[in-house]
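J.: This is what each chain is made of:
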Amino acid sequence: NAGVTQTPKFQVLKTGQSMTLQCAQDMNHNSMYWYRQDPGMGLRLIYYSASEGTTDKGEVPNGYNVSRLNKREFSLRLESAAPSQTSVYFCASRPPGGGANEQFFGPGTRLTVL
Amino acid sequence: GNSVTQMEGPVTLSEEAFLTINCTYTATGYPSLFWYVQYPGEGLQLLLKATKADDKGSNKGFEATYRKETTSFHLEKGSVQVSDSAVYFCALSDRGSARQLTFGSGTQLTVLP
Numbered sequence: 001n002a003g004v005t006q007t008p009k010f011q012v013l014k015t016g017q018s019m020t021l022q023c024a025q026d027m028n029h030n031s032m033y034w035y036r037q038d039p040g041m042g043l044r045l046i047y048y049s050a051s052e053g054t055t056d057k058g059e060v061p062n063g064y065n066v067s068r069l070n071k072r073e074f075s076l077r078l079e080s081a082a083p084s085q086t087s088v089y090f091c092a093s094r095p096p097g098g099g100a101n102e103q104f105f106g107p108g109t110r111l112t113v114l
Numbered sequence: 115g116n117s118v119t120q121m122e123g124p125v126t127l128s129e130e131a132f133l134t135i136n137c138t139y140t141a142t143g144y145p146s147l148f149w150y151v152q153y154p155g156e157g158l159q160l161l162l163k164a165t166k167a168d169d170k171g172s173n174k175g176f177e178a179t180y181r182k183e184t185t186s187f188h189l190e191k192g193s194v195q196v197s198d199s200a201v202y203f204c205a206l207s208d209r210g211s212a213r214q215l216t217f218g219s220g221t222q223l224t225v226l227p
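Here the protein sequences come in this chain order: S and X. Be aware that the first sequence starts at 1, since it is given in my numbering, and climbs by one per residue. Be aware that the second sequence starts at 115, since it is given in my numbering, and climbs by one per residue.
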């Protein structure tokens, strides 16, 4: 049981390049989330998927797109990377049920955009 | 909207000192409250949680009590260890369909031997 996995762990892009961050969970969770973490700002929600086949914008969606490929996988795409997207990106998943169920986080992807 | 305000860091303590990290929140309804911990180079791990007023969450010697009257969820530990050095995040989960988490800005704790 690997939990939440993310690839790659590190990535350096040039401005204007595109890339996809991959996330997968093997816990049969319905909900999945993408966050970015910036110094002094905590984690901010980019997009989430409450269930397979649905996606919704979070607090900071501009410049990103997502795909919920199946129940296990939720990818985040940067179509044209900008230096402001330099951040650490975390994927999380959550089992169904009440508000007490916590989210489980992956190890993160550290992205630098030059 | 929802928001979480955390005590600013960094916080530096000597081993065996008492720890308090303040957290207050603004939310509609009755959110669930969480403390997450992030060790260097790792993702976030749940430390403890509480789902209703006056609930006390506890784990690894850490405690926090859900205080609805003061909208607070302060984290405490009686005697910190060097291994507690990490970043601590307070968070709330609303009761909407997506159960989104709203995080505080995090508090860096360093414990010196």
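Don't read these hints as lab results, they were simulated from the structure. Hints may be right or wrong, so weigh each one.
[As the list claims (entries may be wrong)] In silico EDC-like cross-links for lysine to aspartate or glutamate, where the CA-CA straight-line distance does not exceed 20 Å:
{"#": "1", "chain 1": "S", "residue 1": "K57", "chain 2": "X", "residue 2": "D208"}
{"#": "2", "chain 1": "S", "residue 1": "K9", "chain 2": "S", "residue 2": "D56"}
{"#": "3", "chain 1": "S", "residue 1": "K57", "chain 2": "S", "residue 2": "E73"}
{"#": "4", "chain 1": "S", "residue 1": "K9", "chain 2": "X", "residue 2": "E156"}
{"#": "5", "chain 1": "X", "residue 1": "K191", "chain 2": "X", "residue 2": "D208"}
{"#": "6", "chain 1": "X", "residue 1": "K191", "chain 2": "X", "residue 2": "E129"}
Owing to the predicted nature of the structure, the values given are computational and were not obtained by experimental measurement.
J.: Does each hint fit the structure? Answer for all of them.
T.: Cross-check of the supplied hints:
Pair hint K57 of chain S plus D208 of chain X holds up; C-alpha atoms about 16 Å apart against a cutoff of 20 Å. At most 20 Å may separate the alpha-carbon atoms for a hinted pair to count; K9 of chain S and D56 of chain S exceed this at roughly 25 Å. Taking the CA atoms of K57 of chain S and E73 of chain S, the gap is near 17 Å; set against the 20 Å cutoff, the hint holds. As the CA atoms of K9 of chain S and E156 of chain X are separated by approximately 11 Å, the hinted pair is consistent with the 20 Å bound.
Taking the CA atoms of K191 of chain X and D208 of chain X, the gap is about 26 Å. The hint is violated against a cut of 20 Å. For the proposed pair K191 of chain X and E129 of chain X, the alpha carbon gap of about 12 Å is at most 20 Å, so the pair holds.
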